[in-house]
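Trainee: Residue numbers (our numbering), protein chains in the order written: chain A, 88 to 440; chain B, 184 to 372; chain C, 93 to 747.
Any given hint could be a false lead.
To be verified - Each computed DSS-like pair below joins lysine-lysine, with the alpha-carbon atoms no more than 25 Å apart:
no. : chain 1 : residue 1 : chain 2 : residue 2
1   : C       : Lys695    : C       : Lys320
2   : C       : Lys562    : A       : Lys297
3   : B       : Lys249    : A       : Lys297
4   : C       : Lys320    : C       : Lys233
5   : B       : Lys338    : A       : Lys362
6   : B       : Lys249    : A       : Lys244
7   : C       : Lys695    : A       : Lys300
8   : C       : Lys320    : A       : Lys300
9   : A       : Lys406    : C       : Lys389
10  : A       : Lys362    : B       : Lys364
11  : A       : Lys414    : C       : Lys389
Just so you know, the hints here were simulated from the structure itself, not pulled from any lab data.
Keep in mind that this is a model prediction, so the values were computed, not measured.
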Amino acid sequence: MSTLAYYPGCSLRHSAAEFDVSTRLVLEALSVEYAEVPDWTCCGSSPAHMTDHLLAQALAARNLRQAALVSDRLFAPCPSCHQREKNAALEVRDDPAFRAEVNELLDTPYDSDVSVLTLPEVLLQDSGPEKIRERVQADLCQLRVVPYYGCLLGRPKVFSGEANDEQPVIMDILLEAAGADVRPWNYKTECCGASIGIPKADIQRRLSRKILKQALEAGAEAVVVCCPLCHQNLDMRQRQVNAAFGTEYAVPVFYLTQVIGLAMGFTPQQMMLHKHFVDPQPLLARALEDAVVFRAEEARIAAEKEARRKVVEAARAEKAARRAAKKGGSAKGQVQPQDEPGPDEQEDSEAGE
Amino acid sequence: MIRYDAEAAAQLRDSILQRVKTDVTACYQCGNCTASCPAVFTFDLTPNQVMRMLQVGLVDEVLRSKSVQLCVQCMTCTARCPREIDVAGVFEDLKTVAFARRLDVPEDARVFNKAFLDNVARFGRLSEAFFLLRYNLASRHLLNDVELGLPMVGKGKVQVIPKKAAGTGEVARIYRKALDKARARERVS
Amino acid sequence: MRIGVFICHCGTNIAGTVDSRAVAERAAELKDVVHSEDLIYTCAEPGQAAIQRAIKELGLTRVVVAACSPHMHEVTFRRCVEDAGLNPWLFEMANIREHCSWIHADDMQKATDKAYEIVKMAVAKVRMAEPLFSEEVDVNKDVLVIGGGVAGIQTALDLADAGLRVTIVERQSTIGGIMAQLDKTFPTIDCSACILTPRMVDAAHHENITIMAYSEIDRVAGYVGNFKVDIRRKAAMVDWTKCIGCELCMQRCPSRAPDVFNSGLAETKAIYIPFPQAVPKRAVIQTDYCRWFQQGKCRVCERVCPAGAIDYEQKDEIVQRDFGAVVVATGLDVFPWEDHYPQYGGGEIPDVISGLQYERMLNASGPTGGHVHRLSNHEEPKTVVFIQCVGSRDESVGRPYCSSVCCMYTAKQAILTKSHCGMDTEVYVFYIDIRATGKGYEEFVKRAQTEFGVKYVRGRVSKLYEEEGKVIVRGVDTLLGNQVEVPADLVVMASGIVCAEGAPSLAQSLNISYDEFGFFKESHPKLRPVETNTAGVFLAGACQSPKDIPTSVAQASGTAAKVLVLLAKDKLKTSPQIATVDQSRCVSCWKCIDVCPFSAPEKQELRDGSVKSHVIETVCQGCGICVATCPVNCISLKGFTTDSLIDQIEEALLT
């Protein structure tokens with residue numbers, strides 16, 4: 088596939104640097120080519136579209152114009168940036184009069200048609216679960232996680248590339264390919280509070296708390312996100328949630344690309360786990376140790392089963408041989424009524440046998 | 184006592200149809216939007232009440248409500264509406280109209296947005312530390328998130344000295360032109 | 093050629109826009125028109141009398157009436173001219189109401205001009221008209237009822253009591269339909285099976301009714317009065333002439349299968365009888381779950397059957413029967429909410445079930461013996477929440493319509509919950525509106541609220557999720573203006589009604605119309621709710637639209653009445669507006685046979701050995717498709733000949 092234009096966005100530069108770094112490393116490891124959008128500026132995020140529609144579309148269109156210098160496909164890991172860019176790209180494409188209105192505000196016009204993708208879409212289409220699976224080196228089978236999509240990676244469907252806006256699946260697919268134990272849950276797309284957390288803390292505390300609670304209810308030990316604001320609300324503000332509700336959550340929050348990167352053999356340092364407020368390293372270490380034990384147990388059970396099967400086979404062969412000897416070889420070829428079920432069949436036969 | 188103003192209602196319906204491409208008259212007040220809204224417990228008017236008020240043309244009270252300011256645009260209402268109405272789109276439009284008319288609105292959301300956009304117009308990319316400082320000052324919540332400040336610096340999550348990105352000039356120009364246009368539109372209509 | 097033209101005022105319907113008098117005066121100038129007048133109400137007694145008088149006194153040989161749509165009164169006027177001694181097919185109707193006055197109310201001059209043009213064209217056409225004569229066909233008096241639910245049973249009993257022979261074809265192994273699955277019925281809280289099973293037995297024992305259960309319609313050919321139907325008797329793998337319904341095979345069968353009758357709440361065996369009061373009470377083997385058919389092992393049922401009825405070699409059998417009329421009563425299915433509402437758990441949360449599943453749970457002969465309990469831990473629930481409008485009134489899942497019965501069955505289930513689980517059980521119903529339109533229905537809902545303390549909450553439910561062993565119901569109380577959350581033990585979806593599975597393809601084989609939801613289309617939504625636009629095919633029950641039992645039964649009896657009207661005569665007159673083939677020009681390409689929806693053209697061998705197309709007069713419905721299709725234009729439609737149509741067009745364009 089062709090080179091992608093990469094729009095990091097303001098958060099990924101500093102407050103969510105681990106998302107940027109892990110994304111770059113994973114894409115490079117998967118041989119997905121990308122180039123940063125030259126001279127990109129802030130897309131406006133929530134404040135722009137809540138202030139003025141034309142402002143928001145123009146700020147986004149500027150970046151589309153810049154992106155077109157390197158590629159006609161743009162992706163933005165931050166779902167808010169993605170939504171702003173995609174929204175603008177579609178409206179400008181479908182309404183030439185509106186494009187003209189937007190171009191009046193730009194220094195130079197945006198005249199192309201750039202398509203905009205989410206990070207999960209890029210990982211799914213430009214790489215794919217098979218490629219990830221092939222490169223797995225660390226065994227994450229004992230890392231129990233739930234994928235948290237937040238508001239903007241599930242809906243609206245026309246933007247997110249998901250078939251189902253209540254139960255999106257791309258992150259699930261990618262995490263499963265990375266080998267993690269992905270738990271099903273019904274809270275994938277419930278809002279974390281987004282940017283309202285600063286002007287109105289009550290909302291964010293309550294909503295983020297609900298998500299952490301549901302994650303634990305689903306049997307997970309960590310939450311995987313793909314949004315810097317969700318990460319901030321769930322990780323950085325987890326202590327604030329605890330303070331507000333008297334809870335004692337200590338739930339690590341990974342970025343999707345961190346989990347994939349760890350599975351592919353990158354170190355916690357490379358994935359910048361030390362930047363998190365709730366340290367994921369103890370959980371990760373324990374999960375890796377447990378995986379070793381688990382696999383050993385699996386192997387042991389498999390070996391036992393194989394041994395038992397051999398014994399049964401031998402017994403059956405012996406019985407058949409004895410029967411053949413008795414009847415002088417004429418027993419073979421007749422349909423035998425099932426009057427003596429074997430040990431394996433004993434489990435599922437009902438009364439009447 | 185309320186007197187229904189049919190003409191105001193018809194005008195409002197048309198303007199929302201034109202700008203948001205959704206028809207408020209289709210709403211049958213099932214309340215699913217309210218039932219889905221994660222922020223509703225801080226609202227003064229529930230989303231379905233807002234839709235009802237728009238149906239009868241009572242737009243002024245709606246524009247000054249807390250609800251419109253505190254909506255986080257999570258889009259759940261739009262996703263679940265059984266009449267396929269873009270409720271979040273309506274709320275977004277109301278925010279922009281309240282802003283363009285320079286109405287006095289409650290809550291700090293507008294202060295937050297302004298601090299953010301002013302910062303972006305100044306640096307081209309958000310300079311988070313500056314922006315949060317400015318917001319705390321402007322909203323008079325001086326100690327907001329103060330406990331997170333040092334840990335964030337310690338983890339290298341804050342750019343203390345901001346740099347202007349190339350393209351800042353264009354961003355500032357876009358900001359000014361868009362706002363002028365918005366205010367002119369609301370003065371005329 | 094002596095043409096009479098009559099222009100109607102239709103009160104002000106036409107005359108308010110079209111100057112009928114002026115049109116009449118201009119029409120008088122047309123060639124061959126010897127009489128032209130305007131009338132206030134042509135269809136009324138004085139109007140018709142005027143036409144008849146003109147025919148007799150002036151010796152009119154053709155008549156044109158310019159008035160409303162032929163759909164309204166063409167039949168009326170044909171009868172009118174026939175009574176005056178003129179062949180009814182020497183009459184033409186011009187539509188100057190629906191096609192003119194009703195749509196051009198803004199410009200009287202132009203509307204009047206257009207009306208005159210329309211009249212001129214009608215005169216041109218009627219000049220070419222020839223007298224046509226109907227044929228009579230024998231009518232078969234047997235009736236086919238497709239579907240053995242309460243509507244089908246009702247129609248069958250009414251017709252059988254009237255002396256007609258009825259065959260009920262039911263695709264399940266027993267009749268009874270959805271009503272057999274219900275526990276109690278609203279508003280009387282009658283036991284559903286108790287009121288239905290006597291009817292089922294009546295149908296089974298009636299000397300005029302033949303029940304073909306476990307059968308489906310394979311093919312329908314023919315036309316009203318003479319349908320030839322191929323019925324597929326599906327292979328039950330059990331000889332029903334020997335099976336005595338003792339259920340021993342069911343007890344001993346080792347294989348499990350999903351239990352459709354219990355709506356998936358339980359499992360049944362691969363060989364099964366759906367419920368103890370089944371009519372006919374005969375066993376069927378579901379081969380997909382049977383060990384013998386899947387793995388070549390077992391055959392226990394054969395060994396234990398005291399009547400020796402098991403027959404693994406059975407094959408489907410097609411039988412052909414002739415009928416005069418067909419009644420479609422195929423009923424309904426339940427909306428599969430699990431596939432459309434992931435916000436309600438999408439079927440993954442065990443304590444969230446559909447209305448029909450709850451009905452089976454409430455039923456004393458159901459899988460739980462009538463005990464209401466949670467599916468997750470088998471404990472009795474302390475809080476039960478009902479959610480209305482699941483799959484109804486919801487465009488986001490493609491179901492904008494109201495399913496009509498859910499408000500009432502939810503109220504019923506809420507009341508029954510209180511009586512099964514105790515009055516201190518908390519029962520909530522989340523609703524948007526309460527539709528309680530039938531007799532005693534509103535009073536019933538009031539009982540639910542007051543006598544039984546069911547809590548009605550006005551607002552939809554946006555989400556269900558599990559927390560600490562409960563199912564949290566997040567909804568809204570719009571009247572209070574608050575989001576609400578109720579921690580429930582059991583949640584019941586008032587799932588809506590959809591058409592029965594396979595309804596559209598059955599409609600295709602019967603040549604009847606259906607809407608975008610698969611409900612069959614009635615002939616007129618107000619005035620002809622039980623007939624279809626295909627002569628001889630009638631509708632009864634929920635297959636036409638969602639409805640409750642009293643309405644289904646009432647409609648079913650109405651359907652029976654319509655069938656009796658049709659079959660009261662021994663002969664039927666067919667319309668003479670049919671296609672004819674000019675065999676001297678037919679090139680035997682058989683395209684007409686390919687395109688005819690009624691199988692009217694046939695290959696006919698002529699005496700010189702050539703094979704040409706011939707349209708069977710009594711089958712042809714006059715749709716004109718073959719006329720348009722024929723590549724050599726050798727097929728003509730009587731009453732709409734190509735020449736007459738060309739004359740009309742020329743009149744419009746060239747004069």
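Trainee: So, for every hint listed, does it hold in this structure?
Mentor: Each hint tested on the structure:
no.	hint	in the structure
1	C:Lys695 <-> C:Lys320	holds (19 Å)
2	C:Lys562 <-> A:Lys297	holds (15 Å)
3	B:Lys249 <-> A:Lys297	holds (23 Å)
4	C:Lys320 <-> C:Lys233	holds (13 Å)
5	B:Lys338 <-> A:Lys362	holds (6 Å)
6	B:Lys249 <-> A:Lys244	violated (29 Å)
7	C:Lys695 <-> A:Lys300	violated (76 Å)
8	C:Lys320 <-> A:Lys300	violated (65 Å)
9	A:Lys406 <-> C:Lys389	holds (20 Å)
10	A:Lys362 <-> B:Lys364	violated (43 Å)
11	A:Lys414 <-> C:Lys389	holds (23 Å)
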